Structures are given as structure tokens and as C-alpha cells.
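Student: Protein chains in written order, with full-length UniProt numbering: chain R, 1 to 643; chain S, 1 to 521.
To be clear, the hints were calculated from the coordinates, so they are not data collected in a lab. It should be emphasised that the depicted structure is a prediction, and the values quoted were computed from it without experimental measurement. Careful: at least some of the hints might be erroneous.
Within a straight-line C-alpha distance of at most 30 Å, the following computed DSSO-like cross-link-like pairs (lysine-lysine) qualify [stated by the list, open to error]:
| hint | chain 1 | residue 1 | chain 2 | residue 2 |
| --- | --- | --- | --- | --- |
| 1 | R | K217 | S | K390 |
| 2 | S | K390 | R | K210 |
| 3 | R | K246 | S | K390 |
| 4 | S | K374 | R | K196 |
| 5 | R | K153 | S | K376 |
| 6 | R | K217 | S | K136 |
| 7 | R | K589 | R | K485 |
| 8 | R | K181 | S | K388 |
| 9 | S | K374 | R | K153 |
| 10 | S | K136 | R | K210 |
| 11 | R | K36 | R | K150 |
| 12 | R | K181 | S | K376 |
| 13 | S | K388 | R | K176 |
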Amino acid sequence: MFSESVLRLLTEDLLVRVLEKLGSDADRKSWRLVCKEFLRIESLTRRKVRILRIEFLLGLLQTYCNIETLDLSVCPRIDDGAVSVMLSHGSLNWTKGLRRLVLCRATGLGYRGLGQLIRACPLLEAVDVSHCWVFGDREAAALSYATRLKELKMDKCLGVTDVGLASIAVGCSNLKSLSLKWCFEISNLGIDLLCKKCLDLEILDISYLKLTSESLKSIASLSKLEMLVMVGCSFVDDVGLRFLEKGCPHLKAIDVSRCDFVSSSALTSLVSGRSSLLQIDARYCFLELSFPLVECLKNLQNLTVIRIDAVQVSDLALQIIGTSCKSLLEIGLSKCIGVTNMGIMQLVSGCGKLKILNLTCCRFITDVAISAIAESCPHLICLMLESCDMVTEKSFYDLGSRCLLLEELDLTECSGINDRALKYLSRCSGLLTLKLGLCTNISDVGLAYIGCNFPKLAEIDLYRCVCIGDDGLAALASGCKELIKLNVSYCNRITDRGMEYISYLGELSELEMRGLVNITGMGISKVAVNCRRLADLDLKHCEKIGDPGCWAIAFYAHNLRQINLSYCAVSDVVLYLLMGKLKRLQEVKLVNVSEATVRGLELGLRASCGRIKKVKLQTSLSLLLSSEILDMLHLRGCKIRWD
Amino acid sequence: MPPQNHQVQAKASPNSPSLPDFIMQHSNQQRCEDPSMSDYGIRMETLFKECNQACGTKSLLPCGSNDGIKIPNQENCQMGDTSQTGKLQDWDPSIMLENLSFLEDKIHQIRGLLHLIANKKGQQLGQPDEIITQEKQLITANLTSIIVQLISTAGSLLPSVKLAASNTSPSVGQHGQIPGITFPSGLGPSSSSIQPQHDIRDKISDQSNQIDLTNMCEMEQNHMEEHELKDEEDGDEGENLPPGSFEILQLEKEEILAPHTHFCTICGKGFKRDANLRMHMRGHGDEYKTPEALAKPNKESESEPKLIKRYSCPYPGCKRNKDHKKFQPLKTILCVKNHYKRTHCDKSYICSRCHTKKFSVMADLKTHEKHCGKDKWLCSCGTTFSRKDKLFGHIALFQGHTPAIPLDESKAPVGQADMEITENNNNNNNNKGGSINLSFGSNASSCENGIQNMMNVKGITDDPISYLSSLNFETCNFGEFNDFPRPPFEDTTKGSFPFLMSESFNYSPKCGGESCPNNLL
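One chain only, chain R, in its complex shape (with noise of 0.2 Å):
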């Protein structure tokens, strides 16, 4: 009776309504489960699909047909079959609006499905298909027959070259964003042309290709570009940067982060005049920050993020970005050197806005400099003070009174970090990252205060945290129900005890635990049976989980996508079950698994195949498994990797 009048009152336009406002997947979980009426509102307005199993891929299909995006990045066995299966059976009415496409690490897939997948939607903005290491030219030009397409990410297609890329630069003339990272086989005809032809390009990454100069030339006549990422592009000179001083009036952001023959004069020349320009990116690429640049960085009031990771930083300098750059958001000077206390000071006493900074590695700051930035900074939401062993309790007083808005902390390394101050941070509840690896000093207390205190947080780093226990374990999964990546690797005194309290996280979707030498089958089976989500599983070196806990994990952990085993002792038969049933499974990491032969591995691989997309084993192994299984693994776009 009271639904009925629930859903008299509430007619399908306010329930669409209240729905838009359900953010998190739990939560629109529980809204489906309520009734057939709101499962029905759901599956109307729902534009994104993100598919787990393929057995799932055609019902869901069918049901949400109003999608924008469709996920297959973790969805395996995507081939070529599975997608002319998709595409006649059923009705077609997904693709109509199918906007964003999202294909990374669908290695299986072939120019064949590729193409028939991108010809059935018409409408398509966006695809993403970095990581399909097997992509060629053919692939490439099944990408050009999207013609609307806006924004393409292609990330390691390692077999794309020139060619290909000219067909995307022909079919998809309304590119308005491109990544190539890591697309060796471009050069400098490729992107020519490419600068020729997409002339509304925003975006464009060139990471780590092999362009010179020239390439830059091109890209300087690109009149609405706005963003150039060019990391690691070692044969760009000087000369490259004076062609796009010339060119691009709209840049906003430059990346020229490991760039080796980039002078910091080009880029000050670049830089200089550009109000406009929002970032730069200058890691790893001068020794020195020059005081030109600095001087230039002066007439850049909008800057909003700097990161010159690995540069020599002078006091001065940083006073200057800091007195003037005044609507700085992020600054980066990760292993800086010359990083003192003074020059903190000074940097942050401007810098009020400031939401995000990385002092990985200025081991010469202390205190003075963590309670400065606590002072100036009440926004900040991110703080890395990885290996800044100087930082005691008393910055994290500091920070835990004035930063309540803080969202991520990196503490790895710090060794003044004790329970006490995580104590003080109690105020920071909002905490969603914490990384404490290698802090020696955090015991269960401190663990008891993490638990308490920070009830958002979904990852924790405990890696060699050595004085935390069973009890530890307790307390966090107690008040952190929401964890969703946890690390204890190495924590020897954890037992199976700990492992069930681990278990008790629902949310929990990585978990690396490493070298646990306590943990059995019993330990783990419990985690693998309660942790629905589990999908990244690190075992290396729990020499005691064996045949029993690969079994559990075999049958239960059927979200798995990512496991380890090295050095772990498992049968033949459990591991060509682990990798039979596990449907999900992509990556394996099998060195020197004991107790399995060389046949043994071969049936399990076989088992997987198809599915599976990276398998790391032994180098001794190279040799001894048949070149057959090898060439069908490849054949099937899985990587070997030898250890």
C-alpha cells in the first residue's frame, strides 16, 4: 500500500530527478533493488555502462539503451566474434547515441570488429583504445570511419605508423583532441600531415615519439591549440620551441618534462608574453631553474600549476613565483634541490589558494616549513612529503587544526611520523588517500586513531609497516568500510585473524600483501569468498597459502582481473583452474611458481587464453614452453612478460 502511494506521488520525471542526484554505484545499487519502477527509471537514464563479464554484455545492452559511454576497457574476450555477436543480436538502439567508446587494452580486437563496431554508431564523439599495444595502421583507419569523432586516445598502439595516422588525420578531420603517446612508429610526415588536416586540434600529446624539430613547426601553424604534451621528446631542440614561440596564440598548457634538449632560455622565450598560459610542465628537463624564467613566470598571473620536478631551485626563485603568480593551484618540485625551509616559506605565503603540493624528496624541510603551509594554505587538498624525514608530529598538530580539507597525504618514508600524529589529524576527516609505507613508527594505536577518524578513506598504503597487527587490521576495518585499496605488504605480524578482518571490507578492490608469510589458504579463502570486488590480488612470496587458498580464490574471487602468485607454491591442477575459472582475469604474474611444471603452466595459459592479456613468467621459461602456446598467446594480444 505505502509504495503504491509512493509511487502515485512521485511520477517518472521527479524520480528521474532524484536519481540524478545519487552519485555513488552502491547507492543506484540499492535504488534498482527497490522496485520494478525504479529499476526501470535507472536503466532509462543511466548513460554510462561499464561491463565486467561479457556474458553479461548483450542483456545489459538491451536494458540500458539510452547509454552514452560504453566501457569494454575490462571487459575480456572483446574480439572481433564478440563484437558482430553484439552487433546482431538484439536491438541495435545502443548504438544510437552512443557517444564515448572506451576500448583500452582490448587487445583482441581486431581492424575487422573494430570497424563494425565504429560504423554502427553514428554518433561517436570520443574512443579510447590506449594499451592495444597489437593496434596497426589497419586498426587505425577502422578508427577513421568514426568522421564525428572529437577526441581519440591511442595511447601505445605500437604497430600505428604514418599511414595510419593519416587516415585518422583524413577521416576524423574534426579531431579536437589526440594522445600518441608512446606510438613509436609516428614521425614527423605523420604529424605534418596531421597539423595539415585537423586544423581544430586543442589537445595533443606527442610523449615520448620520436619527432624532431620539424614536427614542432607543423604543430606551431595548429591555431586552436590550447594544450602540448611532449614529454620525454629527446630530439626536439631549442629550435623546435622558437618555431611555436611564432605559432599557437591560444596555448595553455606545455609539457616539456624530459625533454633533454630543451633549454630553459626556449622555454623562457616560449613562456614570455603568453598571459594566457594556465600550466607548464618542466620536470626533469634543466638542471637550474634560470633566473629569466623566473623573471618571466612574473607576467603570468593565471598560472595555475608548475611542476619542475628535479630542477635546482634558489630561495629567491621561489619567493618570486610565490609574490606573483598569486592564483597558483598545484606546484610540483619533486626532488628539487636546493628546496629549503626560507624558500617554502616565502613560496606559500602567496600562494593562498593553493590546492595541491609535491615536496616528494626536499629532505631539508622540517617543521617550520609544514606549519607555514598549514598557515597560508587552509584550501589545500593533496600534500606529498615523500622521504622528508625532518617532518615530525608536531607539522601534522599544524596541518590537522588548519587543513581540514586536506584529501590525500603522502607520508611515505617520513620516519617521524608516529601515532601521535596521526592522532592530530583526527580533524582531517575527509582523508581519502594515506600512504604511511616504510613509517616504522605506526603501530595498531595508530591504526585505531586511521580507523576512527577517517570513515571516506579508500586507500592506505601500510607497505612495511612492521609494528602493525591483527588488531590494527581490526580498527581500520571497523571505521574505514569505504577502502578500496590497501597495501600491507610485508607487515609480517599480520595471521589469518587480520586477513578476516580484511575481509569485512566490502568495497575492497586491490589488495596487495606481499611476503605474509603467516597467512594460509585459510586467510585468504576468507577475503576471496567475502571481498566481491577484489580485483588486483599481489600474493608474492605468501609461500604458506598453497593449493587450499588458490582454490578459494579460483572459485570465489571471480572479479579478479590482476593476480599475483610468484613465488607462491601451487599445483598444476589449482592453477589451471584458477585460470580456467577466473572469467575475468587479464594479468597473471607467475615466476617461479613451486610445485607447477612446465605443462602444468602451458594448460593453464591455454585455459586463460583469450582472455588473458599479460602473463609474466620466469626468463628460464622461455625456452621450455612450446613456441605453439607462445605464437597463440600473441596471436591472441597477450604480452609475455620475462622476468
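Starting from the known structure of chain R, fit chain S onto it as the hints suggest.
Tutor: Frame of chain R, contents of chain S only:
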């Protein structure tokens, strides 16, 4: 100094063009302390002198002494001396030795120079760019000349190489450098297009090899023919002669298409060139072997200023026809021939490789056949290119054209592998009994069924028990399970996997294990 040595000296200088400059510019930096560098040029000169002398004395030519040599004569003499060429081709070890020691010296010099540069780099880093580039140029020039000399030395040693060398560039070496040599027309333009290295190379080898030129006569003849045929008809495109400043000749169609224009008055054999006819005539008697008979007729008159000759195409309405409004004359008879054949004749020569391309000029066909099949850069419009940048230039120019990717490249291996896989699949099923969804095969059709089966699996819920059934373990023969260490399973799993034992696996051997996969163990 005898004239010939003058020539040699003149020829030697391009050997190291940047050297004098270099010395001049760097003398103030005390970079010329190395004495071997300052006498570089002199050494070169003397060497060539020696070389020439050796050649001169060695050759058994009638015109023995150096200063007596007149180049045209020399050539004539050579031509008369065909009988001796066999002997003359032999090489002289002493010359070789000298060449080699010269090369050795030169390498030493470069080494010293590099040492110097390296040391200096260590001392002062901020060197002006131009000095560095000059140094580079010097080094490369020296190295190039060494390479060239080495090749020529080797060339005079190996008969096959020599043959090839003299085959490719004899006319150039002689023609371009030695003034006064009378060669048939049509060769002139080609010499300029040949790289200067040829000149250098020929210096040594030619001196010793000139003699066997006569031997090459026939070969050269062919060579010349080819050369001539390839001459471009449109070579005069940019020419702007005022009307009336040239004489227009128009050959008739029959004349143009006639294969030969020069006929032997004795035997009637036809030739394309008078020079070839003159060569031919030598066979008809000694009277044709005199220098006068072999010399180019009307040679003197060439020096007089003459009205330039231009040619008109006999085809009415052609732009190359003199009656055309925008008449563009053709430069030579050869141009006329090629133009007429290309534009107004049937294309009767068909490429034997692709059987599609047709040509009316034999040389065009030959040029095409050289590259036919090598044009791997293909545009969607069907045009092929031998170079990638040309294709990209074409694509940049035309709207909608894209590079075409040949289809049959990677198909074959895939298919092959497919077969293998299915085979293995069968083996798998037969031998091992493991049927974990081994639907391999990467072509869509064979794959589809497997996928279809997989995707149509309904009712798979999160219930692990029902999930197990999807694996078809009923068909698995895990008969040998007895052989696995059972106790640990039973010990640890009893509590947590009761159903596992009952549902998914029959621990008791189902079938005695006749198809027992030994490899599992």
C-alpha cells in the same frame, strides 16, 4: 709543368675543398703545428704526378711521353690499339703500393687532426659553432676522399669492379674533365648531374684504365643509347627565346619514327648515331681507322655562332606544333622523338610485371619496370608512390584521399595460426579432456559461436555454485586426482567448501584414466 699534371692538380683540389680555408682560419690558433697538414696539398699533387708518370710509362701507347699527350689523340690512339688492351688492363703493384701508402698517410693525418680537436675541446668548451662545423666538414671531406680513393684503388684491382666502374661513368669521367674530347652529343647534360666523387674516383683509375676504353666501346654504345633515350623532352620548359631568334625545323612523322638515321654505305646497317656509325665503319677497312675518318665531321664549324635550332612537332593542333597559338618549341631531335611517341603514338610496350602500365617509349618502360612492384606507398585513389613523403604530400594536397593499406599482408599468418589453434584445440579435447571453453580462432566466424555460447549463458548469478557449472567440469576427466596430495585439501577446505566437494568435483575417479593427461603431473 706538363699540361696533364696541371689538370691533375686542378682535379685534386676539389678533393679537400675546405682544407685551405681551414688552415687559413685556424692558423692563429696554432692548429697547424702538424707539418703533415701543411704539405697536404703538395703531397697530393706529387702523388698524382707520380701516378701519371707511372701510367704514362707503363702504357704502351704510341704517344709515350707525358707532354706529348694530347687528349683527343690519345683517345684515338687507344681506339686503334684494341689488340693491346688485354695486357694493359693488368695492374701495377707498385702503383697500388703507392696508393695504399698514400691512403695510410692520409688516415694518419686525420687521426692527428682528430686528436688535436679532441684535446682542444677539453680545454675550451665554448667554441663557436662555425668552427665546429668547419672541423666537421674537414673531417668528412677527408674521410670521403679516402673512401673514394680506396674504392678506386680497389676498382683497378678487381676486374669486375673495374668493369662496372668504367661502365657506369667512363663517359663522365673523361667528358666532364678533359676538355677537347669529342664525344657524341647528348652526353653533355648528363655529366653535370653526376656527383663530383666520380671525378675524383676516375682520376686514378682512369689514368690507368683509359686504355681499355676501346674495349668498352660496345658497352659504351649501349650506355649512350640509354642515356639519350632518357633525355627529357620537356627540358626546355623554362626557355623563353624571342620568336625569330631561332630556326624552326619540323621533321615528318616517318622520319621521327624511323629507328635509324645513319646508314652504313657499305652494308646498309642503320645506326641512331653518327658516332656509332663511324665506329662501325672501322670494320670495313683501314681507311676508316684514321683519326680524320673517326673525328667528328664539321667540328670546326661548331665554334661559329649559329642560329639556334628548335624543333616543331608535325602533329597538327599540338602545342609543340609551330602553328599552335602558344607554340613551345622542342629543343632537340630527341625531344621531338620522345614527345611524338609519348603523345601521339600508341603505347605498345606493356610492363611485364604489372601488365597494366603501357608506354610508347622503351626507356620509359624500362624505368617503370625498375620500380614496378616497389611502389609500396599507395593512395586510396589508386596512385602509387615509391616514397612515403611523396604519398604524404599527395594526401595533404587532395581532399579526402587517404593512404591505402594493402589487405593481404597479415591475413595469411593469422589464418595459418588459426588452423594450428583449432588443431591444438582438438588435441586438447582428445588427449587432455579439458574443455574449458577453448574457443580459439581469431576470424570472426569461427569465434562467433564460442562467444555466442558464452554470452548467451543465462542465469549466471553471483552464486558461486551455479557459477561453477558454467565450466562444464562434468566432462573433465580428473581421474588422476587421486595422485594429488589430498590431505591438505580435506583438512583446510572441509569447513569452507562443503559444496565444492559435493557439487563440482568427483574426487573418486570417474573413469579409470585411460585418457589420463600425464602432462598434468
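Student: Hints first: check each against the structure and report whether it holds.
Tutor: Hints versus structure:
Straight-line distance between C-alpha atoms of R/K217 and S/K390 comes to about 19 Å, which keeps the hinted pair within the 30 Å bound. This hinted pair checks out: S/K390 and R/K210 have alpha carbons roughly 20 Å apart, not beyond 30 Å. Note on R/K246 and S/K390: the hinted pairing holds, with a Cα-Cα distance of about 28 Å set against a maximum of 30 Å. Restraint check: the Cα-Cα separation between S/K374 and R/K196 comes to about 28 Å, which is no more than 30 Å; the hinted pair holds.
For the proposed pair R/K153 and S/K376, the alpha carbon gap of about 28 Å is at most 30 Å, so the pair holds. The hinted pair formed by R/K217 and S/K136 meets the criterion: a straight-line CA distance of about 27 Å does not exceed 30 Å. Only pairs whose Cα atoms come within 30 Å are accepted, and R/K589 paired with R/K485 is accepted, the gap being roughly 19 Å. The hinted pair formed by R/K181 and S/K388 meets the criterion: a straight-line CA distance of about 22 Å does not exceed 30 Å.
Between S/K374 and R/K153 the CA atoms are separated by roughly 33 Å; this puts the pair beyond 30 Å, and the hint is violated. Pair hint S/K136 plus R/K210 holds up; C-alpha atoms about 25 Å apart against a cutoff of 30 Å. For the hint linking R/K36 to R/K150, the alpha-carbon distance of about 37 Å lies beyond 30 Å, and the restraint is violated. A C-alpha spacing of about 27 Å is found between R/K181 and S/K376, which places the hinted pair at or below 30 Å, so the restraint holds.
Distance restraint check for S/K388 and R/K176: the Cα-Cα separation of roughly 26 Å lies within the 30 Å cut-off, and the hinted pair is therefore satisfied.
Hint compliance for this structure: hints 9 and 11 are not met, and every other hint is.
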